[in-house]
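Colleague: Each chain, letter by letter, is given below.
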Amino acid sequence: MPDLTSQIGTLVRVEGLYKAYRKGDTTVSVLRGLNLQVEKGEFLAIVGASGSGKSTLLHLLGALDVPDAGAIIYAGQRVDRLSVTDRDRLRNTAFGFVFQFYHLLPELTVLENVLAPVMIRYSLWQWWHRRRHWRRQALSLLERCGLAARRYHYPQELSGGEMQRAAIARALLTGPQLLLADEPTGNLDADAATQIMHLLHDLNRENTLTIIMVTHNWELAKQAHRMLRMADGRLEPVPGRTVPKVPASLGAYPS
Amino acid sequence: MYKWLLCWRYLRTRYLALACIVSVMLGVATLIVVNSVMEGFATKLRQRLRGIQADILVEARSHDGFPGVEEKIARVQQLLGDRIVAVTPVIETFAMLQFRYQHVGEVITRPVRLIGIDTSSHAQTSDFARHLLNPYFQSNPEECFRLLGAARERYERLRDWIADDTESQSYQAPSGLPPPEPPAATEASSPFTAVLGYGIATYRNPQARATDQHKDVFLLVPGDSVQLTMVTRSDLPGHDGTQGYPRPVTASFVISDLFRCEMSEYDASLVFVDIRDVQRLRAMPNRATSLHIRLRDYDGDARQAVELLRQHFHPALYAVQTWEDKQGPLLAAISIERGILNILLFLIIAVAGFGILAIFFMIVVEKTRDIGILKALGASSRGVMGIFLSYGLALGLVGAGLGTVLGVAITVYINELEQWLARWTGQEVFPRDVYYFDRIPTDLQMHSVLLVNLGALAIAVGASVFPALRAAALQPVRALRYE
Numbered sequence: 001m002p003d004l005t006s007q008i009g010t011l012v013r014v015e016g017l018y019k020a021y022r023k024g025d026t027t028v029s030v031l032r033g034l035n036l037q038v039e040k041g042e043f044l045a046i047v048g049a050s051g052s053g054k055s056t057l058l059h060l061l062g063a064l065d066v067p068d069a070g071a072i073i074y075a076g077q078r079v080d081r082l083s084v085t086d087r088d089r090l091r092n093t094a095f096g097f098v099f100q101f102y103h104l105l106p107e108l109t110v111l112e113n114v115l116a117p118v119m120i121r122y123s124l125w126q127w128w129h130r131r132r133h134w135r136r137q138a139l140s141l142l143e144r145c146g147l148a149a150r151r152y153h154y155p156q157e158l159s160g161g162e163m164q165r166a167a168i169a170r171a172l173l174t175g176p177q178l179l180l181a182d183e184p185t186g187n188l189d190a191d192a193a194t195q196i197m198h199l200l201h202d203l204n205r206e207n208t209l210t211i212i213m214v215t216h217n218w219e220l221a222k223q224a225h226r227m228l229r230m231a232d233g234r235l236e237p238v239p240g241r242t243v244p245k246v247p248a249s250l251g252a253y254p255s
Numbered sequence: 001m002y003k004w005l006l007c008w009r010y011l012r013t014r015y016l017a018l019a020c021i022v023s024v025m026l027g028v029a030t031l032i033v034v035n036s037v038m039e040g041f042a043t044k045l046r047q048r049l050r051g052i053q054a055d056i057l058v059e060a061r062s063h064d065g066f067p068g069v070e071e072k073i074a075r076v077q078q079l080l081g082d083r084i085v086a087v088t089p090v091i092e093t094f095a096m097l098q099f100r101y102q103h104v105g106e107v108i109t110r111p112v113r114l115i116g117i118d119t120s121s122h123a124q125t126s127d128f129a130r131h132l133l134n135p136y137f138q139s140n141p142e143e144c145f146r147l148l149g150a151a152r153e154r155y156e157r158l159r160d161w162i163a164d165d166t167e168s169q170s171y172q173a174p175s176g177l178p179p180p181e182p183p184a185a186t187e188a189s190s191p192f193t194a195v196l197g198y199g200i201a202t203y204r205n206p207q208a209r210a211t212d213q214h215k216d217v218f219l220l221v222p223g224d225s226v227q228l229t230m231v232t233r234s235d236l237p238g239h240d241g242t243q244g245y246p247r248p249v250t251a252s253f254v255i256s257d258l259f260r261c262e263m264s265e266y267d268a269s270l271v272f273v274d275i276r277d278v279q280r281l282r283a284m285p286n287r288a289t290s291l292h293i294r295l296r297d298y299d300g301d302a303r304q305a306v307e308l309l310r311q312h313f314h315p316a317l318y319a320v321q322t323w324e325d326k327q328g329p330l331l332a333a334i335s336i337e338r339g340i341l342n343i344l345l346f347l348i349i350a351v352a353g354f355g356i357l358a359i360f361f362m363i364v365v366e367k368t369r370d371i372g373i374l375k376a377l378g379a380s381s382r383g384v385m386g387i388f389l390s391y392g393l394a395l396g397l398v399g400a401g402l403g404t405v406l407g408v409a410i411t412v413y414i415n416e417l418e419q420w421l422a423r424w425t426g427q428e429v430f431p432r433d434v435y436y437f438d439r440i441p442t443d444l445q446m447h448s449v450l451l452v453n454l455g456a457l458a459i460a461v462g463a464s465v466f467p468a469l470r471a472a473a474l475q476p477v478r479a480l481r482y483e
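Protein chains in written order, with the numbering used here: chain A, 1 to 255; chain B, 1 to 483.
A portion of the hints provided could be inaccurate.
Stated by the list, open to error - Over the 10 Å line for every Cβ pair with chain A, so calculated as not near, a few chain B residues:
#1 Leu5
#2 Arg130
#3 Ser252
#4 Asn286
#5 Phe354
#6 Pro476
#7 Leu480
Said to hold, decoys possible - In silico contact screen, one side only, chain B against chain A (beta carbon under 7 Å); selected entries:
#8 Tyr2
#9 Leu236
#10 Asp370
#11 Ala473
#12 Val477
Worth flagging that the hints you see were computed from the coordinates, not collected in a lab.
This structure is a prediction, so every number in the text was calculated from the model and none was measured.
Backbone N, C-alpha and C fix where the C-beta goes; we use that ideal spot for every residue, glycine too.
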């Protein structure tokens with residue numbers, strides 16, 4: 001039974017987030033005063049039409065981009081005000097990313113792809129001294145994702161579902177608290193999509209991993225604890241699902 | 001750490017990058033080969049130039065030379081002590097050479113440089129002996145003015161044959177002067193003798209093919225006689241008390257051997273005779289026009305020795321210089337030539353650099369998504385830049401390494417290659433008679449190979465700076481959207 005006290009509280013809070021893209025004279029306002037609060041251990045699904053700004057929100061949450069206005073507070077820390085170096089470090093240590101197109105590096109084997117975050121973190125010398133520990137870690141994650149046998153294969157030799165599982169293993173290697181998934185099943189067939197969703201649910205439950213998943217698939221979104229819809233640059237509760245499905249361990253979900 | 005791994009993987013999987021490697025390789029190989037051959041030519045030329053020249057020359061500014069040869073030599077020996085190997089007096093003058101070419105019946109006249117040498121010491125100051133054709137003289141240069149073997153036979157046969165229509169006197173004294181003493185050669189019956197430059201005694205057969213062994217036709221061979229006309233010292237007053245002026249002296253010389261140093265300029269103009277003969281003919285007893293000095297350690301002592309000699313030989317009367325000073329313009333021309341060639345050839349590597357630039361830009365565009373992934377996983381801009389810089393360095397290293405191997409191999413086997421090319425194309429690539437070298441000379445120099453390698457690496461890394469900066473500046477979000 002995991003320690004519950006550490007799981008209670010807000011992990012991510014977003015206040016009045018604005019983001020616009022400018023191209024020449026035209027400005028496209030994507031996020032317009034968006035607010036969001038995500039609790040620790042929550043599995044949140046965000047749905048919306050394509051182009052509604054779901055991915056933009058995810059990139060802002062993951063410190064890949066900076067907002068025009070508003071605040072993103074991660075574990076009590078203003079992410080949007082961090083320096084470039086600190087944001088690089090935050091991405092490397094605190095967040096895990098899963099993308100629609102898997103985004104594995106084609107030159108590296110599955111195992112090396114999973115190890116990529118720690119190889120980025122360490123210099124050659126540091127890596128040499130820690131390689132055994134991280135290799136063990138990566139192998140156990142691959143085992144967990146059912147890819148142990150595929151560890152020396154290259155991404156192009158894997159099926160879509162396998163690639164996505166490898167990407168999830170990579171996202172989990174550094175033990176992040178928050179997993180940001182951008183249409184993780186968007187490119188997969190139904191079976192593979194179900195497998196991925198099962199994996200995400202298991203991870204959410206077992207490791208109390210907080211997951212924010214962006215999708216346009218309502219069926220998958222319904223499996224999350226809570227579902228929000230992106231419209232007009234803001235998030236709104238989905239009608240008919242106003243009562244969020246909160247994990248029993250967390251008790252009542254504050255509205 | 002990922003930089004090195006990715007760099008290594010890119011190197012193994014990007015075949016486009018092979019083009020960069022090949023261009024760097026070819027540039028480096030070319031530079032190494034050209035530098036080695038140029039250095040080889042320069043070294044060979046220096047050896048040749050030096051071969052017949054002593055280390056230091058003390059030359060009288062007057063054509064009449066200086067008196068008191070013995071004292072001057074003693075002074076030099078005293079000044080330089082055991083730093084010298086040998087000192088020898090030389091008389092250098094211009095002369096007209098005249099001979100009758102039997103086959104045509106024409107009298108041929110040509111200007112030559114007459115060098116009067118002291119047989120006992122001259123060979124110690126230069127490689128003179130090595131360039132004599134007669135192998136006996138090569139090891140016994142002090143006897144090079146003796147008529148031996150075939151030369152003596154030919155001389156005696158010709159002398160008896162034309163005895164009736166040639167003047168009994170072998171030389172004519174200039175008007176108003178007492179007749180000079182007879183020749184200095186050891187045997188009393190011997191005439192004046194001379195060693196002729198190979199280019200004077202022969203001409204190149206225009207019909208000869210490149211592969212022919214004997215391409216030269218002999219006009220003169222040892223044993224033949226030539227007339228040499230020179231001028232006397234200019235300060236001899238006439239018997240009637242008139243002011244001194246140079247008078248022509250003509251004497252007949254028998255060729256004792258030929259001289260071939262393979263510098264066509266020297267071979268076609270030098271005639272060596274015994275200094276005592278020139279002293280007599282030019283009426284300059286105990287005089288010489290220059291002293292040739294060979295040092296034990298040229299590189300270490302030359303400058304100092306020249307300075308010392310300049311203090312004791314009045315600069316108005318004597319020019320003291322090293323052989324390099326004397327051949328300065330020629331040696332300078334070689335080094336300038338090499339410098340320019342190097343600049344031009346480095347442009348080849350610069351072209352390779354632009355190739356790297358273009359190919360790297362393409363790779364950066366191709367890898368935009370991967371760069372986005374790396375940044376999403378926490379890679380810094382500097383780290384991404386590092387990937388491409390080290391990739392450029394790796395390409396440069398591999399290219400320069402292969403180029404060095406190729407260049408050194410070509411340099412070592414250049415003559416075999418040249419022969420193979422000549423056989424294959426039917427064209428002579430290296431016309432041997434132009435330089436008289438039978439092999440293409442090469443001199444592989446460590447520091448120039450190193451310099452070429454460093455230059456190639458600098459260009460390879462330099463060319464990857466721009467693409468690397470561009471990769472580093474990519475916004476991760478934009479890169480990830482890139483499909």
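Colleague: Does each hint fit the structure? Answer for all of them.
Modeller: Hints versus structure:
1. Leu5: 7 Å, violated
2. Arg130: Consistent with the label, Arg130 (chain B) stays out of reach of chain A, its closest Cβ about 60 Å off (over 10 Å).
3. Ser252: 86 Å, holds
4. Asn286: 81 Å, holds
5. Phe354: 26 Å, holds
6. Pro476: At roughly 5 Å from the nearest Cβ of chain A, Pro476 (chain B) sits no farther out than 10 Å, so the non-interface label is violated.
7. Leu480: Non-interface label on Leu480 (chain B) violated, nearest chain A Cβ at 7 Å vs cutoff 10 Å.
8. Tyr2: With a closest approach of 4 Å, the Tyr2 (chain B) hint holds.
9. Leu236: 88 Å, violated
10. Asp370: The hint holds - Asp370 (chain B) has a Cβ within 7 Å of chain A, the shortest such distance being about 5 Å.
11. Ala473: Not OK, violated: Ala473 (chain B) not within 7 Å of chain A, min 12 Å.
12. Val477: 5 Å, holds
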